[in-house]
Amino acid sequence: MTGELVLTGDSKTGRVFFNAARIVDAEAAGAKGEAGFRRIVEITNGSLEFQKSAETFPLTIQALSNTNLILDTLRLLDDSALEGGN
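Terminal number for the sequence shown in the numbering used here: 170, no gaps in between.
Treat the hints with care, as some may be off.
Unchecked claim - The calculated DSBU-like cross-link candidates involving lysine-lysine, where the alpha carbons are at most 30 Å apart (straight line), are:
#, residue 1, residue 2
1, Lys-116, Lys-96
2, Lys-116, Lys-136
3, Lys-96, Lys-136
Stated by the list, open to error - Pairwise CB distance ranges, derived in the manner of DEER restraints:
#, residue 1, residue 2, range
4, Thr-86, Leu-148, 15 to 21 Å
5, Thr-144, Ser-164, 18 to 24 Å
6, Ala-119, Gly-168, 18 to 24 Å
7, Ser-95, Ala-138, 31 to 37 Å
8, Lys-136, Leu-166, 35 to 41 Å
9, Arg-106, Leu-161, 19 to 25 Å
Hints were generated in silico from the structure; no laboratory data involved.
No residue lacks a Cβ here, since even glycine has one placed at the ideal position from N, Cα and C.
Hey, can you work out the whole structure from these sequences and the hints?
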């Protein structure tokens, strides 16, 4: 499925862009790509809405798979928390 997932939290809004179910870009709080995706993963409550698109989105995130992207992002967030650098 190609489209945009819009997540709205208490103080953050983010967008994740999909081409044929693959995450290809994200943006949140002025950050794009993987940095934007990291900020989106930190949203812990709110609402989400998926908007289908007939057009594909530019490929900004170069992950091998959605699973790899998610696991790498969570690892980076864990490492940052351990170092006290949230």
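Taking the hints in turn, this is what the structure says about them:
The suggested pairing of Lys-116 with Lys-96 holds, with an alpha-carbon distance near 14 Å, which does not exceed 30 Å. Distance check on the hinted pair: Lys-116 and Lys-136 sit about 20 Å apart at the alpha-carbon level, within 30 Å; holds. For a cut-off of 30 Å, the pair hint linking Lys-96 to Lys-136 stands: about 22 Å separates their Cα positions. Take Thr-86 and Leu-148: their Cβ atoms lie about 19 Å apart, and the range 15 to 21 Å holds.
As the Cβ distance of Thr-144 to Ser-164 is approximately 21 Å, the hint placing it in 18 to 24 Å holds. As the Cβ distance of Ala-119 to Gly-168 is approximately 19 Å, the hint placing it in 18 to 24 Å holds. For Ser-95 and Ala-138, the hinted distance range of 31 to 37 Å is satisfied, since their beta carbons lie about 32 Å from each other. A hinted range of 35 to 41 Å holds for the C-beta pair Lys-136 and Leu-166, which are about 39 Å apart.
Range check, Arg-106 to Leu-161: about 21 Å between beta-carbon atoms, so the 19 to 25 Å window is met.
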